[in-house]
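Student: Sequence:
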Amino acid sequence: MTVSYTYDIFASLDGFGSHTGDWGGYWSKQGPEFLARRAAQYGVPQRMVYGAATYRLNAAILAGADGMDEWIGRMKALPATVVSSTLEGPLDWPDATLESGDAVEVVRRLKEESDVPLRSHGSVSLNRALMAAGLVDRVQLTIFPVLTGQTGQVPVFAGAADFDLELLESHTLDGNTQELIYRPTLHG
Numbered sequence: 001m002t003v004s005y006t007y008d009i010f011a012s013l014d015g016f017g018s019h020t021g022d023w024g025g026y027w028s029k030q031g032p033e034f035l036a037r038r039a040a041q042y043g044v045p046q047r048m049v050y051g052a053a054t055y056r057l058n059a060a061i062l063a064g065a066d067g068m069d070e071w072i073g074r075m076k077a078l079p080a081t082v083v084s085s086t087l088e089g090p091l092d093w094p095d096a097t098l099e100s101g102d103a104v105e106v107v108r109r110l111k112e113e114s115d116v117p118l119r120s121h122g123s124v125s126l127n128r129a130l131m132a133a134g135l136v137d138r139v140q141l142t143i144f145p146v147l148t149g150q151t152g153q154v155p156v157f158a159g160a161a162d163f164d165l166e167l168l169e170s171h172t173l174d175g176n177t178q179e180l181i182y183r184p185t186l187h188g
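The numbers in the working numbering rise by one with no breaks, and the one at position 137 of the sequence shown is 137.
Don't read these hints as lab results, they were simulated from the structure. Treat the numbers as computed from the prediction; the structure is a model and nothing was measured. Be a bit skeptical, because a hint or two may be false.
[Unchecked claim] Label-pair ranges, simulated between beta-carbon atoms:
| no. | residue 1 | residue 2 | range |
| --- | --- | --- | --- |
| 1 | SER28 | SER170 | 14 to 24 Å |
| 2 | MET1 | THR151 | 41 to 51 Å |
| 3 | ASP115 | GLN153 | 32 to 42 Å |
| 4 | ASP162 | ASP14 | 16 to 26 Å |
| 5 | GLU169 | GLU70 | 18 to 28 Å |
| 6 | LEU168 | ALA39 | 12 to 22 Å |
| 7 | PRO32 | SER85 | 34 to 44 Å |
Beta carbons are placed, not taken as given, at the ideal position from N, Cα and C, and that holds for glycine.
From just these sequences and the hints, can you work out the full model?
Tutor: This is the structure in structure tokens:
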């Protein structure tokens, strides 16, 4: 039996996954409903999957995660698989396994062998490849109420294949942040 794989990503309304501006984390739009929902989502057994770039970024940011939001501490505590042909072990991350080789094959195997669902937060290029291969079961897109046309970086879906999306769930958090959960199907 295969487990589900969720691609969990944050974006501005204009589709950027990060920024160079003075917005702050979450574009400074997080509220108590958003933080509580994230803590609940990361409080259940699952395995995280990261690409090399996201692992490097997270490892640097989360080195001192003790004072960060509860969900981030929970995410860091989950078992993780880092897919990379450039990193060398051991990884500076609790309960992380380094897998080299083709990410599509690694995740295909993980979906077959894992006892818990798989989730990836970030890892844009990794997840584009996994979506194209039909391995992403759910896209969880959290849209923060900002436009970052001048400071936006990392267009989340630029260069991705074409997909039809079936809306499975939607939530408005703190009155202005949208969480949309879709089932993607390759178009055509």
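Student: A separate judgement is required for each hint: does it hold in the structure or not?
Tutor: Taking the hints in turn, this is what the structure says about them:
Range check, SER28 to SER170: Cβ separation about 23 Å, and the 14 to 24 Å hint holds. Between MET1 and THR151 the Cβ separation comes to about 44 Å, which falls inside the hinted range of 41 to 51 Å. One distance hint, 32 to 42 Å for the beta-carbon pair ASP115 and GLN153, holds here, with the actual separation near 36 Å. For the pair ASP162 and ASP14, the supplied restraint of 16 to 26 Å holds, since their beta-carbon distance comes to about 19 Å.
Checked against the given bound of 18 to 28 Å, the beta carbons of GLU169 and GLU70, roughly 22 Å apart, stay inside it. The hinted range of 12 to 22 Å is satisfied by LEU168 and ALA39, whose Cβ atoms lie roughly 21 Å apart. For PRO32 and SER85, the hinted distance range of 34 to 44 Å is satisfied, since their beta carbons lie about 41 Å from each other.
The earlier numbered hints are all upheld by this structure, with none contradicted.
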